[in-house]
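*Asks:* So you can see what is in the structure, the chains are spelled out below.
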Amino acid sequence: MISPTQPSKLDDVLQQKNHASEVIYVEENVIKLVIFSLEEEWYAFYGKNILEILPKETAIFFVPGCPSTLLGVINLRGSIESVIDLGIVLQLRTETISAKTILLAKGESLQTGICVDTVIDVLDIRESDIKVVTEPCIASLQAYVIGAFMFAKKAVTLLNLEKILTDYQQDLA
Amino acid sequence: MIEQNDVPINMVLFHCGATQVLIEQSFISSLLADTHQLPIQLINENLNIYPLNDSLKKTKRLLILNKGAEKFALAVDEPIEFKVLSSKKISLLPDLIKSGQCLPYLKAIAILDQGIGLIIDPLSIPDHDRLLDGFP
Numbered sequence: 001m002i003s004p005t006q007p008s009k010l011d012d013v014l015q016q017k018n019h020a021s022e023v024i025y026v027e028e029n030v031i032k033l034v035i036f037s038l039e040e041e042w043y044a045f046y047g048k049n050i051l052e053i054l055p056k057e058t059a060i061f062f063v064p065g066c067p068s069t070l071l072g073v074i075n076l077r078g079s080i081e082s083v084i085d086l087g088i089v090l091q092l093r094t095e096t097i098s099a100k101t102i103l104l105a106k107g108e109s110l111q112t113g114i115c116v117d118t119v120i121d122v123l124d125i126r127e128s129d130i131k132v133v134t135e136p137c138i139a140s141l142q143a144y145v146i147g148a149f150m151f152a153k154k155a156v157t158l159l160n161l162e163k164i165l166t167d168y169q170q171d172l173a
Numbered sequence: 174m175i176e177q178n179d180v181p182i183n184m185v186l187f188h189c190g191a192t193q194v195l196i197e198q199s200f201i202s203s204l205l206a207d208t209h210q211l212p213i214q215l216i217n218e219n220l221n222i223y224p225l226n227d228s229l230k231k232t233k234r235l236l237i238l239n240k241g242a243e244k245f246a247l248a249v250d251e252p253i254e255f256k257v258l259s260s261k262k263i264s265l266l267p268d269l270i271k272s273g274q275c276l277p278y279l280k281a282i283a284i285l286d287q288g289i290g291l292i293i294d295p296l297s298i299p300d301h302d303r304l305l306d307g308f309p
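So the sequences go chain by chain: F and U. So in this note's numbering, spot 111 of the first sequence is number 111, and the numbers just go up one at a time. For this note's numbering, count along the second sequence from 1 and bump the result up by 173.
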């Protein structure tokens, strides 16, 4: 016999179910990424580092004496910006290609154009979708990989643009 | 942002192969037509330095420049234009071009009607790259 002051088993179960039905909404961080291709692989930079995606027909003017990684300068509405070939900087190729897209990138200490093969997409992604990569398949990228995620059934490697620019500037100096 | 008045600057524009190069007119003493007889080294295509023999056919003119009481010359390609350049059209060198030390005598970049021009400081060009010998 159940005493009137004691909750029955059924009450316990109902109470538990009641709590379980309470939905707790957790706001997950969403970040903007710019996805691009280089030598048929897909990579991404944080969107906060990319100021602009320039049209393919943007003319690059050669500056004599530059290393092969530094393609020259562009005239961006009256402002002159340098342009580097990311493929050569990351040792993914040895020679520059003719059809390419320029991203205007901004790091802490440096602003420059960055040549990539094509821009694939600009998208928002949950931070939790980016997985840690223990060992990138390309050794020269090791120092720059933040993580990887899947997009359109393809693996995309997220790269640390700040570090790429800092290291590149130090190498030049 | 600092607002600056537009300052006109007198420049000489010449070509070194496909590259457009500018020097302030105040450096220029005179212009000579014929380079054929002089034992010189010169600035040529892409601003690399070649002996005269290799690029004699491409070189048309000598720019004679003042360095204090001295004079020296640069061999350049035609056409040569005297231009008044607005200071608004002059841009500082981007950081990477500066730190890359692409050309030690590159000073700034000019935005021209057709492309860009490299503004160089002729006095910073190493002596061995200037014409010095055999010139009056």
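Treat the hints with caution; some may be incorrect.
Below, computed lysine-lysine pairings styled on DSBU-like, alpha-carbon distance capped at 35 Å [unchecked claim]:
id, chain 1, residue 1, chain 2, residue 2
1, F, Lys-100, U, Lys-262
2, F, Lys-163, U, Lys-244
3, F, Lys-48, F, Lys-32
4, U, Lys-280, F, Lys-100
5, F, Lys-163, U, Lys-280
6, F, Lys-48, U, Lys-244
7, U, Lys-271, F, Lys-106
Keep in mind that the hints were calculated from the coordinates and are not lab data. These numbers come from a predicted model, not from an experiment.
*Asks:* So, for every hint listed, does it hold in this structure?
*Replies:* Hint-by-hint comparison with the structure:
1. With a C-alpha separation of about 27 Å, the suggested pairing of Lys-100 (chain F) with Lys-262 (chain U) holds against the 35 Å cut-off.
2. Restraint check: the Cα-Cα separation between Lys-163 (chain F) and Lys-244 (chain U) comes to about 47 Å, which exceeds 35 Å; the hinted pair is violated.
3. This hinted pair checks out: Lys-48 (chain F) and Lys-32 (chain F) have alpha carbons roughly 7 Å apart, not beyond 35 Å.
4. Among the hinted pairs, Lys-280 (chain U) with Lys-100 (chain F) is consistent with the structure: their alpha-carbon atoms are about 29 Å apart, no more than 35 Å.
5. The suggested pairing of Lys-163 (chain F) with Lys-280 (chain U) holds, with an alpha-carbon distance near 28 Å, which does not exceed 35 Å.
6. Proximity of Lys-48 (chain F) to Lys-244 (chain U) is assessed by CA-CA distance (about 52 Å); at most 35 Å being required, the pair is judged violated.
7. For the hint pairing Lys-271 (chain U) with Lys-106 (chain F), the CA-to-CA distance comes to about 17 Å; that is within 35 Å, so the pair holds.
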